Amino acid sequence: MNPIGAALGGAAAVGLLAAVVAVVVPQRVRAWAAGVGTAVCGAAGLTAGIYALSGTTFFLTLPALLPLSGVTITVDALGGVFLAVTGAVAVAAGVYGIGYARHGGDGRVVQAVFPLFVVAMLLVVCAASVGTFLVCWELMALFSLLLVVAEHKRRPEVAEAGRWYAVMTHLGMVAILAGLLVLAAHAAGDSFPALRDAGRHLPPAVAAVVFVVTLAGFGSKAGILPLHAWLPRAHPEAPSPVSALMSAAMVNLGVYGIVRVGFDLLGGGPRWWWVVVLALGAVSAVYGILQAAMSTDLKRLLGYSTTENMGLVLVGVGAAGMFASGGNRVLAGLALAAALLHVVNHSAFKTVLFLSAGSVLHGTGSRDLDALGGLRTSMPATTAAFGLGALAASALPPGTAFVSEWLLLQALIHGLPASGTITAIAMPLAVAAVALTAGLAVATFVKAFGVGFLARPRSDAAENAQESPASMLIGMGIAGAACVGLALLPGLVLPAIGSVAGRVVDSSSPMLADAVTVQLVGVAGSLSPLMLTIALVVAIMLVIGVVRAVAARRARRAARLWDCGAGPMSARMEYTATSFAEPLQRVFDNVLQPETDVDVTHTRESSYLVEAVQYRRQVPDRIERRLYRPVLALVAVWGSIGRRLASGSVHRYLGYGFYTVCGLLILLVVTR
Amino acid sequence: MSALGVVGGVVQPLVVVAGSPIVVGVMRQVRARLEGRAGAGIGQPWRDLRKLFGKEPIAPRGTSEVFRFAPLVLVATTLVVAVVVPFVTTESALDPVADLFAVVALLAAGTVALALAGLDTGTAFGGMGASREMTIIALVEPTLLVAIFALSVRVGSTNLAAIVASTLDDPSRVISPVSLLAAVALVVVIVAETGRLPVDNPSTHLELTMVHEAMVLEYAGPDLALVELASAMRLTVFLGLLANLFLPWGIATSVSPLAVLGGVVAVTVKVTVLGTALAVGEVFLAKLRLFRVPELLAGSFLLALLAVAASFFLA
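Heads up: the protein sequence lines correspond to chains A and B, in order. Take the position in the first sequence, starting the count at 1, then add 14; the result is the number in my numbering. Take the position in the second sequence, starting the count at 1, then add 317; the result is the number in my numbering.
Note that these hints are calculated values from the structure, not bench results. Some hints could be false.
[Unchecked claim] Listed next, the stretches of chain B that the computed footprint assigns to chain A, with coverage defined by at least 3 CB atoms under 8 Å from CB atoms of chain A:
#1 389-401
#2 443-455
#3 475-488
[What the hints assert, rightly or not] Where chain A lies over chain B, by a calculated footprint (3+ residues, C-beta under 8 Å):
#4 371-379
#5 420-427
#6 530-542
#7 603-615
All of these numbers come straight from a predicted model, not from anything done at the bench. Where is the CB? At the ideal position from N, CA and C, for every residue including glycine.
Model the full assembly from the supplied sequences, consistent with the hints where possible.
Next comes the structure, spelled out in structure tokens:
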């Protein structure tokens, strides 16, 4: 029997079983059932993905399962990357969920839906017909929506986030549906091979419509500007293991969709498609990280960082498309490999970050960075995990994202001599955008880690923090180990990713990677993260040794901090996340347009004496304000006009029915 | 890993560690003389370091391992850069690490360690320094990478050894518009990264103006010695990088002792000349307001972008 089929079948069976068990069993063991089920599902998905990456393919049709179109499933190497990533994230999130669920969020529905969400995500990348794909996509959207609104009874803002998510995800679904239906209308059937045949011979205008419409749909799932509005709302409000699954696995499927439709089904397409993708990616990356740098809500910050990272991935995808349409297959392979590696890396570090943010929430009850601090003593394991994730996210050696951003920059730099004025303008700007993103990401994660975990506690909640239970720490540990592995030994995954990228753009693998060094093929460039890390460790050892030999051998004496002689400092004197980000906010004043209010209350006796000063600062999402507010206002007006039709009189409603039927009959008579 | 690379990997860190306090001493002496003071002599930074290493180590209350580990990371990252960048020999001891991106990111990692240490103290000064330093580094990064882009386009690689070797092969490239624009952009960036005037004043302890000094305010004794040594090394490494990216002549291309000695002398002379020029420039400059610094960096970013454009359109 095909190992992929067995693994996928196993994942689906375990997922369904876990869902049923979670509904049936009492509350005590519910989290265990759901968590273990999810982890096993994930492990099965990971296995299937690894088999797919090693060259095995799998094909299955179940005509009876779905009316009209039937279910068609194909697993190829491109799907394998996303299968493996989704599976791996689910393993960590599942184990973590066991401990997390015990403290709220262990309702029957939520726990039952948790494994089903993972199964739906696994099936999306296996779907090989329009009908199957859309059904799986919709299942994924619905399950994730149920999980997002898990805590809606306790916190009213969850319901609002849920509404945003529901509307945006379904608008995205409509766009994808429309795009794929247009494509299927020109094909012999709705299976992907039929679409692939048709996609190469489509009239350019139709192909462009299909691409742009599906790009909007998939882009909104990936959190790309300007359709990102749901992401920084839904990710913070969902329970943390769900945030991790959404941010590290679900958004990837947007990228999967763009690559699948753009490269695979439509066969590349003209250059301007990919210029659009690249531009959207670059703008999303910079805007996302800028908003993250301003956020003081830990999980909102991570949500915006997801927009940033998906932006970077799309820069890679867009560059790959540009190179491929210019005929430079080697560079296209390199850029796509960089994008796919960044997908994998982002999943690893974002899982760690969301899980440890959940652990902070669990231990302190707060996500507000301005109220945290000093967690390193009370929550050492969580601090270590978040520190590791922050290093991995900030593109510094020896971090995880450093390797993929290095690859991305190599692809962009070597693209300049390749061809064309548009490339010559796009590549330096893309490099600048990636670089600005990298710089801001460093500032953002220094803020998140330094303010949130170091220094002194800024509130009682942070002072009395408790370390999380073992299962949560194990979940973080699994994801953390993946981060370390990807950072030091990218050679473990790069050959597989390189060959997938090469196959998608019809080229050979763009790089050779042995255990130590990543060597590019076709262009000059090599990097060895392992060697770099070893050199760093050796250098640190050397410095310690020299300091021991040279410095005075005296014990470390504890001393007062410099407090200007004014006695012990209070926590209110510390820099907060808001004050840390203030210089950046001033620098990017024109982009962010922050709103500040200062209310000064004077004493009654004299207007020269101040009684109280109140200061409020808000950094609103500008795109949301400019783009969504008018649309929402328009919808509200439309709704209030519509209400005039509904006066409450039954006779009137019967009348509407009557006139509609008459109208239809007349229409039929006229058109026949 | 060639013999030449190994020789470079051993000689370079020794030269950088031994020479960087002297470079700082020379710069201070030049400044002092131009300002009409006698100055403390070029050996003063080494005397300061000896004094600091002899003092007892201090652990301010409320700080953690992050605070104690940061100076080590700062020195170690600079040391690795000193090993891999071709200062004395054209080949690198660890060729797959001698990538311009990796080197820049390593130096940034050192700064990040120090910023975290500043935040770890939980004092207002530490947070202020960290916040300002991170703002500057976030804005420096684009300029730095785009300037690297401009330099690597003509070589087709971001490997430092390859860039240096290609300049040695074709000296006419040095006076091309690409090189000149990129050089000016890099100078501004290096001034910002090493915390010199007009971005930061290394000799100030005035709360309104401190950046680097605010982060390291809590360090004393051997820890402070490491921080001081590291910032001198960073300055030297950046100046050496600037010198050898644009004027690599004198660098050793063979293992003979004479060539290596020549390489050492050449890099010493180049860094000293650049350091002196920087010190002379500082005498005539006032510190910029913190919120004017982004304008300076935006200007240098534009120059770097022009350099890339020139590399394409003038090629």
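Hints, verified against the model:
Chain A is given as covering the segment 389-401 of chain B, and this holds because 9 residues of the stretch bring a CB closer than 8 Å to a CB of that chain, at least three being needed. Residue count for the segment 443-455 of chain B with a Cβ under 8 Å from a Cβ of chain A: 10. That meets the three needed, and the coverage hint holds. Interface restraint, the segment 475-488 of chain B with chain A: holds (3 residues with C-beta to C-beta distance below 8 Å; minimum three). For the segment 371-379 of chain B, the proposed coverage by chain A is satisfied: 9 residues have a C-beta within less than 8 Å of a C-beta in that chain, meeting the threshold of three.
Coverage of the segment 420-427 of chain B by chain A holds [criterion: at least 3 residues with CB-CB distance below 8 Å; count 4]. Chain A is given as covering the segment 530-542 of chain B, and this holds because 6 residues of the stretch bring a CB closer than 8 Å to a CB of that chain, at least three being needed. Coverage of a stretch by a chain is defined here by at least three residues with a beta carbon nearer than 8 Å to that chain's beta carbons; for the segment 603-615 of chain B and chain A the count is 3, and the condition holds.
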